[in-house]
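Turn these sequences into a full structure, and let the hints steer you where they fit.
What follows is the residue order along each chain.
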Amino acid sequence: MLNSSLKQLSTLLELKKTSSVELTKEFLRCVKKLNQKYNAFISVNEETSLRQACDADIKIASGKASPLTGIPIAHKDIFCTKDWLTTCGSKMLSNFISPYDAHVIECFNKVGAVNIGKTNMDEFAMGSSNETSFYGPVKNPWDITTVPGGSSGGSACAVAARMAPAATGTDTGGSIRQPASLCGVSGIKPTYGLVSRYGMIAFASSLDQGGAMAKSAEDLALMLNVMVGFDARDSTSLQRDQENYTREFGKPLEGMRIGLPKEYFSEGVSNDVSRVVDAAITEYKKLGAKMVEVSLPNTKLSIPVYYVLAPAEASSNLSRFDGVRYGHRAEEYADLEDMYQKSRAQGFGAEVKRRILIGTYVLSHGYYDAYYIKAQKLRRLIAQDFTEVFQKCEMIMGPTSPTVAFALGEKSGDPLQMYLSDTYTAGASLAGLPGMSIPVGFGSNNRPVGLHIIGNYFSEAQMLNLAHQYQQVTDWHTQIPDEIKI
Amino acid sequence: MPLVLEDVQRVANLARIEISEEEAKTTLDQLNGIFNLIEQMQALDTSTIAPMFHAQDVMQRLRIDKVTEVDQHKLFQSLATKVESGLYLVPKVIE
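Those protein sequence lines, which keep their order, are chains X and P.
Plus 49 on top of the position in the first sequence (first one is 1) and you've got my numbering.
Plus 1326 on top of the position in the second sequence (first one is 1) and you've got my numbering.
Where hints are given, some of them may not hold.
[Unchecked claim] Lysine to any residue pairs mimicking SDA-like chemistry, simulated, CA-CA at most 20 Å apart:
hint : chain 1 : residue 1 : chain 2 : residue 2
1    : P       : Lys1400   : X       : Pro148
2    : X       : Lys426    : P       : His1380
3    : X       : Lys300    : X       : Lys334
4    : X       : Lys349    : P       : Lys1408
5    : P       : Lys1408   : X       : Val373
6    : P       : Lys1408   : X       : Thr60
7    : X       : Lys349    : P       : Arg1342
8    : P       : Lys1351   : X       : Lys349
9    : P       : Lys1418   : X       : Leu309
10   : X       : Lys460    : P       : Ile1375
11   : X       : Lys426    : P       : Lys1351
12   : X       : Lys335    : X       : Met444
13   : X       : Lys426    : P       : Ile1375
14   : P       : Lys1418   : X       : Leu134
15   : P       : Lys1408   : X       : Arg78
16   : P       : Lys1351   : X       : Gly462
17   : P       : Lys1400   : X       : Ala394
I should point out that these hints are in silico values taken from the structure, not numbers from a laboratory.
Being a predicted model, the structure only gives us computed values, none of them experimental.
Here it is, written out as structure tokens:
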């Protein structure tokens, strides 16, 4: 059961071949067995999970089940979960038992899915390796000496190691796609505004977007069917008709134009990644897709622009952590000012502090126009590049990450090198476009390589079919790390 | 234009994060490295371009001016370190 797709699990439940309680126990056993090694989960709450599973079994018995009823799903610890520790990977929130559910959690609760645990992540989603977590780094199941990527590294690892059939994640500059790529799983970040940010702890609000990670595109579609929807409590939530994300499945790719931005295939991408991505593109040609060379001339600026805008928004969002209403408060302090200063110095880790300082600087008097406004203008140019490219093709493809998973500790002392991990993913985030990563083979040392797919606004169903068609004729997405015995 | 130690200390103070001189020195080097990358932005003339604040260029949605929240102060205050009589306690600021 641990290796089954969401659809298979749903069928097993429907046919009464298993119960949600049995299924949940099976995954909890797997988490118990493997988590010590991989550190993918920050908290597990067996009692709650099993209670939800019992409720799901009643729902199934009464004929009220929907596709994810009774299925265990892992949630990134960025989503507030009522009566459940919600830490965002930070010491600041290490004592925070959420008094409410995020919209995404409500969505899964509503359909009767089971919360199997909260996954580890880079602190406040700031990182590309999961090494900034207060709860320690997550290990990549393909090679325990390497990072799983970040910031949704716990979710990626949980799916890759079959500790959960699917997981939620969030993506601000690549935080779903890059770990999906490094861990050999499928991940999707929908168009900005489709998944409500209510109860999703804010990092950079104009970029943050919830999404899903799973073993296949088909499973991702089932996840989006639950997660996407208008929510008045998020002021940037988009009012649109509900979609069925599986609706395009089965449509042939014949004649589909796929743009290959030359900037995504030039210097910076390692040879092994390049070779595997080229092979995937050849496979797509066999499926009838037509490759078009395109250009996104401002690609190089996406990292500088991202590292102005995201820290600026973060410095503002994280000012709420003052040790007064919730979160860590220093034990000793002289006065109010000192209480703020000490609580924040103790509660935040090095990378979070670094980004708050960058953000505070670029928003400070005399620098606002030169940095923040300048970056917002360049953001428009980056978005316009994509608009022009989508005149020539329906989809864009390239590598998700310039390299395969790197060694733990290799980049943690050099923030600049770490930031460059998001070179190919940050552009789509700045433009608010949907992006996904699917496993397409292995690079050096048998480490997974992800193919990055960027679609136009609201083209998730077509993107998922593009990935699904590939997964019908290849088996990269079904590969399991040697260390995982099922 | 590289940052100097005083910039780091000033910004840390604005952000209300206590920072030792040693930490400030390390941070200074890292921030200068990052700003070196950020400076690439200045190479492009953007005088005629409008800033982009939202990917869809949508307007902020307004709601009816009506109370929708219920009073949950007891629940919320159970998360705070120090509360008394429904108030959050902080060090005295007015004598």
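Evaluated hints:
{"no.": "1", "hint": "P:Lys1400 - X:Pro148", "in the structure": "holds (11 Å)"}
{"no.": "2", "hint": "X:Lys426 - P:His1380", "in the structure": "holds (12 Å)"}
{"no.": "3", "hint": "X:Lys300 - X:Lys334", "in the structure": "holds (15 Å)"}
{"no.": "4", "hint": "X:Lys349 - P:Lys1408", "in the structure": "violated (48 Å)"}
{"no.": "5", "hint": "P:Lys1408 - X:Val373", "in the structure": "holds (8 Å)"}
{"no.": "6", "hint": "P:Lys1408 - X:Thr60", "in the structure": "violated (51 Å)"}
{"no.": "7", "hint": "X:Lys349 - P:Arg1342", "in the structure": "violated (33 Å)"}
{"no.": "8", "hint": "P:Lys1351 - X:Lys349", "in the structure": "violated (29 Å)"}
{"no.": "9", "hint": "P:Lys1418 - X:Leu309", "in the structure": "violated (61 Å)"}
{"no.": "10", "hint": "X:Lys460 - P:Ile1375", "in the structure": "violated (36 Å)"}
{"no.": "11", "hint": "X:Lys426 - P:Lys1351", "in the structure": "violated (32 Å)"}
{"no.": "12", "hint": "X:Lys335 - X:Met444", "in the structure": "holds (16 Å)"}
{"no.": "13", "hint": "X:Lys426 - P:Ile1375", "in the structure": "holds (6 Å)"}
{"no.": "14", "hint": "P:Lys1418 - X:Leu134", "in the structure": "violated (31 Å)"}
{"no.": "15", "hint": "P:Lys1408 - X:Arg78", "in the structure": "violated (39 Å)"}
{"no.": "16", "hint": "P:Lys1351 - X:Gly462", "in the structure": "holds (15 Å)"}
{"no.": "17", "hint": "P:Lys1400 - X:Ala394", "in the structure": "violated (28 Å)"}
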